[in-house]
Structures are given as C-alpha cells and as structure tokens.
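Residue numbers (this note's numbering), protein chains in the order written: chain A, 285 to 557; chain B, 28 to 340; chain C, 4 to 429.
These are computed hints drawn from the structure, not numbers from a lab. Note that the Cβ used here is the ideal one computed from N, Cα and C, for glycine as well. Treat the hints with care, since some could be wrong.
Said to hold, decoys possible - Across the chosen pairs, the derived CB separations fall in these ranges: (1) C:W327 with B:V117: 54 to 60 Å; (2) A:L349 with C:P374: 48 to 54 Å; (3) C:P374 with B:A103: 41 to 47 Å; (4) C:D221 with B:Q170: 39 to 45 Å; (5) B:G142 with A:D347: 57 to 63 Å; (6) A:I536 with B:A103: 41 to 47 Å; (7) B:T185 with C:D171: 36 to 42 Å; (8) C:K420 with A:A350: 47 to 53 Å; (9) B:F125 with A:D347: 44 to 50 Å; (10) B:L75 with C:A40: 38 to 44 Å.
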Amino acid sequence: MTRFRGTLVHVVLGLAVLLSLFPFYWTVVMATNTTRDVFADPPTFIPGTHLIDNVNTVLANVDLLAPLVNTILVASATTALVLFLDTLAAFTFAKYEFPGRRVMFGLLLGLFMVPAQLSLIPQFVIMSELGWVGSLKALVIPAAANAFGIFWMRQYIIGAVPDELLEAARLDGAGFFRIYWSVVLPIVRPGLAFLGIYTFIAAWNDYVWPLIVLLDPNKVTLQVALSQLNVGQRQDYSVLMAGALIGIVPLIAVFTLFARGFVSDATKGAIRG
Amino acid sequence: MIRPRTAGAGTGRAGRRGVLRYWPQYLAISPFYLLFTVFMLFPVLFSLYLSFQRWDGLGEMTFVGLQQYRFLIEDATFWLSLRNTLLIWVMNTVPMLFFALVLASLLSAAKRFKGFYQVALFIPNITSVVAIAIFFGAVFSNQYGLVNLGLDAIGLPTVPWLSHPWAIKVVIATLMTWQWTGYNALIYYAGMQAIPGEIYEAARLDGAGPVRTFFSVTVPLLRPIILFTVVISTITGMQSFTEPQVLFGNNNAVNPNSGGPGQAGLTMVLYFYRTAFNNNDYGYGAAIAWAVFLVVMAFTILNWRLVSRRADK
Amino acid sequence: MTLSRRSLLQLGVLGLAGAGLAACTSNTGSGGSGSGAGETALWYWGDGLSDTVIANAGTQFAGQTSLKPTKVGGDFKQKLTTTLASGQFIPDITGIKGEDMANFRANADKFADLNEYGFSDVAGNYLEWKVKQGSTPDGKVIGFPIDIGPTGMFYREDVFAQGGLPTDPAQVGTALGTWDSFFEAATQLKGKTGGLMVVNASAVFNLVVGQGTTRFIDPSNTFIGDQQHIRTAWDLAVKAVTLGVDAKTEDGSTDWNAGITKGSIPVIISAAWAGIDIRNNAPDTSGKWRVANAPGGPGNIGGSFLAVTKSAKNPQLAYDIVKWILSPENAAQGFADASLFPASPASYQMEALTKGDEFFGGQKTIDIFGPAAEKIPIAFEAPADAAVSAPFFNELVNVEQGKNAEEGWKAAVEAAKQIGQRAGVN
Chain A
285 MTRFRGTLVH VVLGLAVLLS LFPFYWTVVM ATNTTRDVFA DPPTFIPGTH
335 LIDNVNTVLA NVDLLAPLVN TILVASATTA LVLFLDTLAA FTFAKYEFPG
385 RRVMFGLLLG LFMVPAQLSL IPQFVIMSEL GWVGSLKALV IPAAANAFGI
435 FWMRQYIIGA VPDELLEAAR LDGAGFFRIY WSVVLPIVRP GLAFLGIYTF
485 IAAWNDYVWP LIVLLDPNKV TLQVALSQLN VGQRQDYSVL MAGALIGIVP
535 LIAVFTLFAR GFVSDATKGA IRG
Chain B
28 MIRPRTAGAG TGRAGRRGVL RYWPQYLAIS PFYLLFTVFM LFPVLFSLYL
78 SFQRWDGLGE MTFVGLQQYR FLIEDATFWL SLRNTLLIWV MNTVPMLFFA
128 LVLASLLSAA KRFKGFYQVA LFIPNITSVV AIAIFFGAVF SNQYGLVNLG
178 LDAIGLPTVP WLSHPWAIKV VIATLMTWQW TGYNALIYYA GMQAIPGEIY
228 EAARLDGAGP VRTFFSVTVP LLRPIILFTV VISTITGMQS FTEPQVLFGN
278 NNAVNPNSGG PGQAGLTMVL YFYRTAFNNN DYGYGAAIAW AVFLVVMAFT
328 ILNWRLVSRR ADK
Chain C
4 MTLSRRSLLQ LGVLGLAGAG LAACTSNTGS GGSGSGAGET ALWYWGDGLS
54 DTVIANAGTQ FAGQTSLKPT KVGGDFKQKL TTTLASGQFI PDITGIKGED
104 MANFRANADK FADLNEYGFS DVAGNYLEWK VKQGSTPDGK VIGFPIDIGP
154 TGMFYREDVF AQGGLPTDPA QVGTALGTWD SFFEAATQLK GKTGGLMVVN
204 ASAVFNLVVG QGTTRFIDPS NTFIGDQQHI RTAWDLAVKA VTLGVDAKTE
254 DGSTDWNAGI TKGSIPVIIS AAWAGIDIRN NAPDTSGKWR VANAPGGPGN
304 IGGSFLAVTK SAKNPQLAYD IVKWILSPEN AAQGFADASL FPASPASYQM
354 EALTKGDEFF GGQKTIDIFG PAAEKIPIAF EAPADAAVSA PFFNELVNVE
404 QGKNAEEGWK AAVEAAKQIG QRAGVN
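Given these sequences and hints, build the entire structure.
Here you go:
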C-alpha cells in the first residue's frame, strides 16, 4: 500500500516535471539547431549540433562578460538587502502591535496594486535628480523596498513562529533584535530560501527598467545585453534562444544552492507521510 | 501578537513617550518606508497628477480636469479589457492554486529526488518568455499546431485556438497556469516545512488517511500561506500583461498590442500600456492605471475577507 | 560552527553581495549629456544602419570626435521618449522609426532643424515625400531619411501558373493592376489551386489607405476616418472576406510560415523588406518567387530617420556625420548589409541594388521597387493617426470572425472618434 502510494507520488510528480520541462527542452532544441530547421515543415524536435555556432554568434554580437558580472553583483546585492530588510520588517508586522501598524501595512499592499509600468517616467526623473542614471545603484536601491517580500515573510512568520516561543525568549531577557536574530531567523529558513530565489530571479530577469536607466552601453545587465539580439527586421530565433540559455543556466545553479534552505532546522529529520 | 515590554510599569499611556517605546519596531520598518516614499509613493502620486492632464510624454501638459475619467466610463474597450482580465484571472488562478497545493503535498511526501523536482517545477518560471511565446504559438496554431493535430487524430473537431475569443483566453490562462503553478507549489512547500512532523504523526495514529490529513491538518495550518498566494495571485493576475503581450501583442505592424482577434486577450494593463507607450496618451493611460488600481484593490479586499472568514469557521 | 561546503558557498554569495553593494556606491552617474567631451553619442537599433558604415564613420571623423554608437534593444521609442523627457543623457544623434515620426515631429523643439546645418543643399537627393514626412508643417526638417518601405506584390510564380494566371512580373503587374482585377484573379486561383491570395483583411485595408493622399485626420486636426476614402479601403478589405480569398492569418505566425512554404498563401503584398521574411521563413521556395507592382498603386510601409537632438554639443558636426552616413553611396551599402531600401534615388543605379536576386529567379527587384518609391503619394499623418486607425483593424478581425461588416464599420468609426477626442482631435 505504502509502496504503491510512493510510486504514485513519483508518477504524478514525474508527469508535472515533463509538462514543466517541455518548453525548456524546446528552448534547447531551438538553441542547438538553426532557425531554418526549427521552422521547417515538419519541424525538428531533437537537439541539433549548432549550439557552438549559435553561442559564437551571440558572443560576436554582444559582449557578455561584463554584463554577466554586473548582473551577478546586482542580483546578489538586491537579494542580500531584501532578505535582511524585508524579514526584519515582516517580523515586526507579524508579531508586534504598534501605533500605525494597520495603516502602514495597508499602504504597503496598496502600492503593490498600482501597475508598475506607470512609474517608469517619474522614477527616471528621480534617478537623474539623484545622479544615479547609468549606475547599478539605480537597480539595487529601489528594489530593496520590496512589498512582496514583506508580505510573504509576514505570512510565513505568522504560520511558522509560535507566540509562546517569542514569549519565552522575552522572559529570558532577549530584546527585539536579539529575538529576531536568534529565534526567528533560524526557524524561517525555508521562507527565506523562497524569498531569496524569488528576489534573485526577479533581479536577474528584470529588463524594462534596466533598459531605460542603464544608459552606458558598457555598463548593462545580461538581459539588456541579450535584448540587442532581439531587434531588427530579421530575427534569428536559434541565436536568440542560445542567448536565453546563457541567461538561464546560472539561475538554475543559484536555485539549486538556495533550494537546500528549504529544509528547516525545526523540522529536520521529521518523517512525514 | 506581542506588545513590547516597557521598562517599569504603566502601559497604555498615550503621548510621546508611548510612541517612543516602540522605537525598535519603527526602526525595523523604517528602511523600507524610506525607500518606499522616494521610489514608489512619489511616482504613484505623480501618476495621479498625470491622470488630470493631457500629455504626450514630451510636450507641454494640458490640464483637463476629470475629462480622462469621463472618457474611461464611456470607453467600451476599457470595459472589455476589464471583463477579459477577470475571466482570464479566474481561468488561471483556480486550477493554478489547486495544482500547486497538490504538487506541494506530493513533494513533501516524496522521499527521493526532491531537489530535482523542485528545480524542474520552477523551470517554467525562468524559461525565456520569447521561447514560451513561440512554443505556445506553434503548439496552438490553428492549422498546423500540435494540439489541433492531436484533436484531429482522435476524431475530435479542431479549435481555432488563436482566433476564437474564448479559445484565446484559454490559451493565455493555460500559459499563465503553466508558468506559475510550480512557483506557487514551492511557496506551499516552503510553508509546509513549518508544520511540525509530530502533528502528522498524531494524525496518522488517529487513523487519518492522506486525504483527510491533507484537509484537516495541512490546509488549516497553511492558512496564512494560502491567504498570501490568493492575495498575490489576485494582485498579479489582475495586472496580467506579459502573457497576452507576447502571445497577441504584435498582431500586425499597424496595430500593436491589440490583444488578438476580437481584442479577446486585451487585459487592463495591456490596454494601459498600449495607450501610454504606443499611443503616447500618458494622461489617459494614467487614468486607466488608477482604474486598474481600484479594481485590484476591490478584489484583493474581497478575497482577503473570503479566505480569512473561511478560516475562522 | 563547522564549515560545510554549503555554508562556504553561502558565505561566497554574501561576499559577492557585499562586493556588489560596494561597487554600486563607488560609481556615481556623470549627469548632463549622453556623451563625454569630444564624444558624439549615436543611438540606433539592430539592422537600423549598416554596421560597416558606422565603423567607417568612426574612422572618417576620428580627427574631430569619437563616435560612440549604441544599439538600443527593446522598445526604442519608449527609451528615447523617457530620456528626452528627463532631459539627461540624451544622445547627440538618434534613429527614429517611421511610425514614430509623427509623434516626435509634434515635439520638434527637442530636435535640431537640419536646414540650419545645410540639409537644404542635399534635400534634392532624397525622395520628396520622405523628406516631407520628416519635416514639420512650418518647414523644419528634423529627420534625415535613412530608408523607406515601397510596396510591391510578392507572388509564387509556380502557383500562379497552376492557377492559370500570368507569371511574368510585367504582365502580372498589368493584369492585376487594380484591386478589382486582383480579386478576380484571387477568386480564379482559389478555384484552381485552393490558394488564398490575401493574408488578412487588415493588410488590404492598410495598403489601400496607404495608396491615398488622405488618412484619418486632416491637417486642420479634424477626424476624417468616417469619409469615403476610408470607407473604400474598408469595403475592399471586407470584399476579401466575402469572396473567401482571405487566409485570416497573422503575419509571421506558424500558419503564415506554412502557407508561404506550401503555396497555400502564394501572395504577400508588402514593403520591399518583407522579401527578407519570405526568404528566411520559406528557404525551400527559393527561385519560385517574383515581385510585381502592387494592385492599386505604390505605397509605403515602415522606413526610418536619423535626427540630431537639441542637446547635441556640436550640432554641425553631428549633422555632418549623419549626412556622411546616409550619403547615396553609404545608403547603397546599407541595402547590402541590412536590407535598408535607400531613400535616395541615386542609390538605385548602384550595383548593390541592381544585381539580380536568385531567390526571385534572378529578377532585378529594383525595377519594381525603384519606380514605386518615386511614386509614393504624399499624405498628411497626424500624431494620433495610428491610435485612431486601430479600431478599424480590430473590427476587420471581428468581421473575419463572422461579425456583420456594417456593424463593424459603425463600431470602428465610433471608437475611432472617441480615441481622436481624447487626443484633442475635432
């Protein structure tokens, strides 16, 4: 019975994995063939041998090394800031009563509901006033104010951190920041892992804002650099996909690193059914 | 909920000292609100100001009072985009959150390959949007698409996926569900990590099967996380833009962002984007954006109430 | 605390984050203009100019300035608008796409009047209608013509033969010269081969409007989209639907690709640059395509300009660079490198354009596009023109899906009027 259930779990998950991976597989097919083969009739569904050619075309058209370094710096810095600031604020909203709490939280969620694209022009004006146009700061600093992350960590802390634990810590004489650091953070690791992945990927893939604010062609992010492949009247999709693949592979590596955090200290070793 | 302890006695005394004793809390949230005021609140207020102007993005602004909002009420295209948005949102969110919850439970139950499953389920979220658009366009293509070839092979009538108003919505909702189910599954999975194993052990000793355990243990304990996903999918779903844009954004050179045949894939934010950035009508675009904001807020509050109330029972 | 491999990795990530923060604080923006002293910044998009010519321009002007070309990806107009609005980091020279020209022309104060720097001396080298498109009503020239998109009819010679139609480009041009004769031929071809000669109804509508001298808004800023010239275009588009010769296919879609490859879509009426799309998407049909004059006469789709901004540090030098890049010789190079069809008739005599094209069975396509380019009608295009025309295209798609054509027309006119009203059109 249990054995059968175990098999069923893997069959269903396997099916979901197949569905999830298919378009990614197709990206690989496109990146390893020529555009001609991909759009032939019937189209090809098997990875080809043109990956090196396509990657070379990408590298001939755009310089990727500096953008790659820039993107890693921006995504890491943003993630570190968000993890620290958002979790601290989220903990406060989740577990403390203070004047103005509801209004402030409402405002935070409210601004999340305004279409972000609307702010492009005023944000650009602010950046030029600050003299940050063309600088990577213009990407990192605004992204550190992340309503999504606060809301997520607040919900996570409500569910994961029992009030009794905080009470006990307080009776032991621990202050606000001490409780945050030594009681809350270790428990919410799976939540942090998800937020870290989310933030890193969002920063990595951000495109419209970097395109507008990074004016120095020698200082752009990976997505902006890759977008130069996607212009003109002729689109070479295979080259485009080779570029996309270059952008995805590091993300998968980062994801694998963060995903280890999903195993919480609090529940480590617990056997579930 | 904890009220911070004050040095000495006396609680509830209002006034300056009363507020000051919350200094760690205000300090903890202050960096966010500082950035928030400069980089978000100001641009949003600026856009409110814009919605009372006529502006092409470069020239002089002309104050037009409430005219843009009057246009909005009479604008059949806006109401169409609202209807499209709501339909696509329902068609996407319901299956998405359901499958995500199921996948997360299975992921918790699985003893091997967890890491692989996590990565694989998250892949749709980082696959190149251009690749996905080409792929979906090819798979659902009217005459030569895989889906229609399949339907034809088993003797069912084919569907004009990319030209029928309902079919267009199904394709967009399918794309969104595909892209975001694994992401939500990981959110639930992270939430499930906080449920202590002893509770499951107790349920098992009580003789509860996996389905009952799921509904009587997992779902109630996951309540804050479920509320989070419902609210986030409301906010992001109501602002859906990328998917219809890549699938139906470039109908032809003269009419970009029409949202496909019959404008069936024209969502509110896509309409806003088209108005502001393609037609350079920034004033009206701002008015649309504020209407989007009101709609999103109404639905978020509604859903928040629904999920919280169900939880109270 | 024991240091595991994992915590080492995590420490590494944190370290990088720290480095990132440090890097972010160390570089402050320069502020002001888009280029440093002694530099001339040029923005364009991929394939918008010949990269060879740009590189040569850098060498040519090396003694006077350092040319800094940037290929801007993504939405070019959005980036240019944002930058111009902020007043900072504006390039000295920028490309402007033909469809965005009407809008930037309305903000001519952001650009230099090229006449002040000598454009009037060379204006005669470029097509009159094109120069006019880049000029304001009071005669300021803000756009130096890069390329144009004269229209022609690409057709499959083999399918036309099967359909009992003429196959020689000259004969096709004459026999299918009017829309009526075109539709007759389309009906005949459908009966014999099943092929559909209209890609979609919107394409017909767009072509017919482009063949006229009036569009949706007249120079006195009045909406005229409900008048006969638009109605004629609408009726011709609807005719394609009612005759059943409309493939109802989106340009560049999978069905479009399959159609041009298999011959079920044997005709593409479009600008000269559409030849590239056909060539790339249906490589196996090489040698089977020909080009003839478009039914109803020539028109223009697309094209682009170079402009010198008001923020240019040395506008005379910027203009000289533009003039050099777009000289008839270099424009011919642009055609060879990036399929940019020159706006200067002198280029049409040059080898890059006059040689036969194997894809088109050795046909010299300049024989069709060259004369077409010189006969393109001059029409006034208001900034709101594209916005106002959109409802007509939306409704034509609805008609293709079965909506009553008369209801579609009424809905389109009503929606167009409302959009016009928002943009301040009377």
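Fill in: Violations among the numbered hints, reported as their numbers in ascending order
Of the numbered hints given earlier, the structure breaks just one, which is hint 5.
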